[in-house]
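K.L.:
Now for the letters of each chain:
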Amino acid sequence: MSEPEVDRSGPDAVKTSSPGGSFSRWQSDWGFLVALILIGSFYVIMLLAMLAADLTWTSPGHFLEALSSDEIQYSIRLSLMSCTLAAILSVWVAVPIGYLMSRFNFFGKGLIDAILDIPIVLPPLVVGLSLLVLFHTSAGVWVEDLFKSVFGTGITYQIPSVVLAQFMVACAFAVRTMRATFDQISVRQEDVALTLGCSRFQAFWRVTLPEARNGLITALTLAWARSLGEFGPILVFSGATRMKTEVLPTTVYLEMTTGSLEAAVAVSILMVFFAVAVLFTIRHFGSDRALGRVI
Amino acid sequence: MISVKNLSLEVGEFALEDVSFEIPARAYCALMGRTGCGKTTILEAICGLRDVVAGSIELMSREVTALPPAERGIGFVPQDGALFSTMTVEENLGFSLAVRGRKKGAVSERVGRLAELLGMSGLLQRRIQGLSGGEKQRVALGRALAFEPGILCLDEPLSALDDETKEGLIDLLSEVREETGVTTLHITHSLQEARSLCDMILVMEDGRVRELPVDGDSPADGQEGDG
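Those protein sequence lines, which keep their order, are chains A and B. Going by the working numbering, the first residue of the first sequence is number 1, and it counts up by one from there. Going by the working numbering, the first residue of the second sequence is number 1001, and it counts up by one from there.
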């Protein structure tokens, strides 16, 4: 009479009583793994297929021809400029908000936390519409007049509206990133800095901010990438005027509506290139952990 | 001298009431007690890192209860060292002097002397990430001593170290004590550690602090091995 077989593959392994137990367990694991791989690979293959389709739709000649047009060059310049400005503004605002939310408890913190998520969950068109409505209130008109008197240009349907629309959404992601970053930095280091003679600002400036360097890079890059992809709010708040408020997503939209699919695809590929550059930057210089807690 | 009078503290649900004790100048005192009894909370209150509900704290005959941590003149070494990981060993050691605006030459001289005392002269340019547990605690101790504080507060600085490293650090702490004469409050769970270093042992029990004889022979009194 044979002894019942015991699976010794691990301390908590399931004990089996039949001689074929190990094999049948392996079979069930195999089925489970295949199911995981099949479901996961469907999505990965779809992503790669989309990119491959973009690449097959255009040729280097088409690509260069599209990029040499004045409108698209203007759009690239405006996108790079507005995204950079929106990303810098986002980090500038996200650092104090992220630090406050991470380090201090105060009345209404939960409400503020929810408010900070509004741009993430709000439909993009609604963000644009809300901005448009805001700048048609008496307070908004006053701000616009003041802005015009200082900078010589208005906001609505002008270039500043592009930056503002990008900033309103990108900043929410930068805030999440900075909060996650500060959450990961031990309060103990600041405490020690305080006992060593620092004021709270000095402890923040000399100890916490340098520790947050990778998170800052992630927040900046993420805000830049979000700004680059922003379309809905810009369409409503800035319009889609060529050579004026036209950014890359606007170009894709305008080229498609005029039937120039090749040019639309060429600009899309350019945006894919920017997205890959952003991912590379975050993976190599930023904080994956902060990113993982944001998106 | 550290004098705590009728101190009451609240941290979330946890509260301590009417705690009093006094540690004479130049004394090396161990504070012991079960995990969660409030030892670290008291130490942090002395350092100015916790708000005091009632009572007073005097350091070297100076009322400091309402003073910010920077003005208390306390060198603080937390359990994990909490070193500044973006800085080198040298920058960590000289941090408090740089904050005080001391000239580079003076900072280098003081850091050099400290490194010699700590046996770390060859490690000054190293980053924190490459240090062992014992080396990290030496840097944390040196950083706390750099501005020549009158009081040193140590929160279980030896708890995460192996026996050999622990022995080395106990010797170092004795040497520091002899050389600087700094009044020290040292939180520990080890009665053996307390007896080899301290000339005063305080034990926290049920929210009260009582003194334990340093050379007494009742280990049960000291909660050794608890957490």
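To be clear, the hints were calculated from the coordinates, so they are not data collected in a lab. Just so it is clear, the structure is predicted and the values come from calculations on it, not from any experiment. Each residue gets a CB set at the ideal place from its N, CA and C atoms; glycine is no exception. Among these hints, one or two may not hold up.
Unchecked claim - Simulated restraints, written as ranges between beta carbons of each label pair: (1) Leu36/A - Asp1163/B: 44 to 50 Å; (2) Asp1215/B - Gln202/A: 15 to 21 Å; (3) Glu1148/B - Val187/A: 22 to 28 Å; (4) Gly1181/B - Val187/A: 30 to 36 Å; (5) Gly1181/B - Phe104/A: 34 to 40 Å.
Said to hold, decoys possible - Counterexamples of contact, computed for chain A against chain B with all Cβ distances above 10 Å: (6) Gly108; (7) Leu129; (8) Asp145; (9) Gln189; (10) Val192; (11) Thr195.
K.L.:
Each of the hints needs a verdict: does it hold here or not?
P.N.:
Consistency of the hints with the structure:
no. : hint                             : result
1   : Leu36/A - Asp1163/B: 44 to 50 Å  : holds, 46 Å
2   : Asp1215/B - Gln202/A: 15 to 21 Å : violated, 44 Å
3   : Glu1148/B - Val187/A: 22 to 28 Å : holds, 26 Å
4   : Gly1181/B - Val187/A: 30 to 36 Å : holds, 31 Å
5   : Gly1181/B - Phe104/A: 34 to 40 Å : holds, 39 Å
6   : Gly108                           : holds, 19 Å
7   : Leu129                           : holds, 44 Å
8   : Asp145                           : holds, 45 Å
9   : Gln189                           : violated, 5 Å
10  : Val192                           : violated, 5 Å
11  : Thr195                           : violated, 4 Å
The structure is inconsistent with the numbered hints 2, 9, 10, 11, although it conforms to all the rest.
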